[in-house]
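Undergrad: Okay, here's what each chain looks like letter by letter:
Number of protein chains: 2
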Amino acid sequence: MTTYSSAPARRTRLTPEREQELYGAVIDLLREAGYDALTMDAVAVRTRSSKATLYRQWSSKQNLVATALKRGKAVHVENVDTGSLPGDLHELADRIGDGSAVDVPLIRGLAHAFAINSNLAEALRQHMIEPKLTGVRQMLGRAADREEIEADVPAADFMPHMMLGAVVTHRLLEDMEVDAAFMHRYIDAVALPALGISR
Amino acid sequence: MTTYSSAPARRTRLTPEREQELYGAVIDLLREAGYDALTMDAVAVRTRSSKATLYRQWSSKQNLVATALKRGKAVHVENVDTGSLPGDLHELADRIGDGSAVDVPLIRGLAHAFAINSNLAEALRQHMIEPKLTGVRQMLGRAADREEIEADVPAADFMPHMMLGAVVTHRLLEDMEVDAAFMHRYIDAVALPALGISR
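Heads up: the protein sequence lines correspond to chains A and B, in order.
Everything in the first sequence is counted per our numbering, starting at 2 for the first residue and increasing by one.
Everything in the second sequence is counted per our numbering, starting at 2 for the first residue and increasing by one.
The set of hints was computed from the structure by calculation and includes no laboratory data.
Mixed in with the good hints there might be a few duds.
Copies of one chain are not kept apart here, so a pair can be met inside one copy or by any two copies together.
[What the hints assert, rightly or not] Straight line, CA to CA, 20 Å or less: simulated SDA-like cross-link-like pairs of lysine to any residue:
no., residue 1, residue 2
1, K133, M177
2, K71, G142
3, K52, E149
4, K62, N118
5, K71, L55
6, K62, L39
7, K133, G100
8, K62, D37
9, K133, A34
10, K133, L174
11, K71, G84
12, K62, K74
13, K71, E175
14, K133, E175
15, K133, D176
Starting from the given sequences, assemble the full structure and let the hints guide the process.
TA: In structure tokens:
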């Protein structure tokens with residue numbers, strides 16, 4: 002009569018929908034608690050799973066988080082192409098302002114872990130950073146084709162630093178979460194002049 | 002004969018030297034572990050204190066960390082004044098490169114806590130950020146006096162974002178800790194052109 006309880010744990014695979022839901026919950030917890038304070042207990046509670054299930058499938062917090070970053074729904078930047086570089090950058094400012102272009106709380110939650118954990122860094126880079134760098138390169142390539150900027154203007158290589166840097170430092174320097182108005186001012190004051198575009 | 006053991010805990014104040022040593026250890030632990038993973042146990046072990054002493058004097062981890070940030074030895078930026086703005090910025094680049102101008106590991110260790118804990122944010126801002134903003138404003142004021150830049154050039158307001166943004170994003174974008182060579186390139190490509198100074 003102990004057949005059921007002593008049977009090996011059932012290894013039913015989670016459905017893809019359930020996995021996706023779980024990755025979403027992990028990303029939410031990273032935003033709220035940050036990586037260092039995130040526990041498998043909290044993931045289990047939030048997702049109404051057992052810790053045994055979590056460990057069986059992902060083996061460690063690090064692996065679960067890295068997988069969630071790779072498979073979870075990314076903050077999506079639709080291809081921005083308004084026909085001019087100032088237009089593209091200001092469109093990006095709006096999307097940064099409404100939170101749809103850069104996931105600031107997630108970056109913050111991973112900031113420390115990112116620097117000391119190369120698995121997480123790789124996952125974040127692959128999932129969140131590379132696609133955006135590609136988008137920015139295309140945006141600048143089109144601007145060079147339209148002769149809005151010189152193809153070899155040195156500031157072009159640093160566009161990602163300029164834009165992401167403004168996003169992450171606004172909170173540190175002004176105690177305000179970044180908004181579109183700030184980004185519009187920054188683009189006009191810094192990014193466009195650095196690229197040689199005057200208003 | 003129980004006089005000694007039942008006497009109230011001795012409230013010998015720590016010597017200033019001992020306090021300073023303790024704050025330094027807290028800052029070191031913040032760099033290594035980050036705020037969220039920092040424990041009073043770890044502080045006690047590192048500083049060879051008892052947890053009782055720590056709690057008696059600082060009452061909570063948050064209060065201990067905030068005090069350590071306010072009283073600890075700051076990463077010091079000597080007043081940079083080379084006689085020209087490009088010179089000043091490139092001097093700053095060297096100091097960023099050798100770690101003496103910006104404490105990147107500490108900023109990273111506090112990134113998440115900073116956004117959700119206003120006490121810590123206030124301590125970090127007061128201790129590490131405001132003095133640097135003042136230094137940058139003075140640097141730009143001298144440049145305007147020398148007529149190197151126009152006094153109302155819009156990029157001037159964003160100098161701290163440009164410089165700190167480059168520092169914190171280099172690791173995220175290139176997987177390399179910031180160094181002086183990168184900062185020199187960034188200053189020539191972005192900061193000086195944005196301010197209207199061409200090489």
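Undergrad: Run every hint past the structure and note whether it holds.
TA: Here's how the hints hold up against the structure:
1. Taking identical chains as interchangeable, the C-alpha atoms of K133 and M177 lie at most 20 Å apart only when they sit on different chains, with a minimum of 18 Å there against 24 Å within one chain.
2. Within a single copy, K71 and G142 get their C-alpha atoms no closer than 27 Å, and across copies no closer than 47 Å, so neither meets the 20 Å cut-off.
3. Taking the shortest Cα distances, K52 and E149 never come within 20 Å of each other, neither inside one copy (55 Å) nor across copies (62 Å).
4. Proximity of K62 to N118 under the C-alpha cut-off of 20 Å is restricted to the intra-copy arrangement: shortest distance 12 Å within a copy versus 25 Å between copies.
5. When the C-alpha separation of K71 and L55 is checked against a cutoff of 20 Å, the pair qualifies only within one copy, where the shortest distance is 17 Å, while the shortest distance between copies is 41 Å.
6. In this homomeric assembly, K62 and L39 come within 20 Å of each other (Cα to Cα) both inside a single copy, at 8 Å, and across copies, at 18 Å.
7. Proximity of K133 and G100 under a CA criterion of 20 Å is satisfied intra-copy only: 14 Å inside one chain copy versus 29 Å between copies.
8. In the homo-oligomer, the alpha carbons of K62 and D37 lie at most 20 Å apart both inside one protomer (10 Å) and across protomers (16 Å), since each shortest distance falls under that limit.
9. With identical chains, the CA atoms of K133 and A34 are never at most 20 Å apart, being 25 Å at best within one copy and 29 Å at best between copies.
10. Only between protomers do K133 and L174 lie at most 20 Å apart by alpha-carbon distance; the minimum there is 10 Å, versus 24 Å within a single protomer.
11. Taking CA atoms no more than 20 Å apart as the test, K71 paired with G84 passes in neither setting, with 32 Å inside one copy and 49 Å between copies.
12. For the identical chains of this complex, K62 and K74 are intra-copy neighbours only, at 19 Å inside a copy versus 35 Å across copies, given an alpha-carbon limit of 20 Å.
13. With identical chains, the CA atoms of K71 and E175 are at most 20 Å apart between copies only, with a shortest distance of 19 Å across copies and 32 Å within one.
14. Proximity of K133 to E175 under the C-alpha cut-off of 20 Å is restricted to the inter-copy arrangement: shortest distance 13 Å between copies versus 25 Å within a copy.
15. Taking CA atoms no more than 20 Å apart as the test, K133 paired with D176 passes between copies only; the shortest distance there is 15 Å, against 26 Å inside one copy.
Consistency with the previously given hints fails for numbers 2, 3, 9, 11, ordered from lowest to highest.
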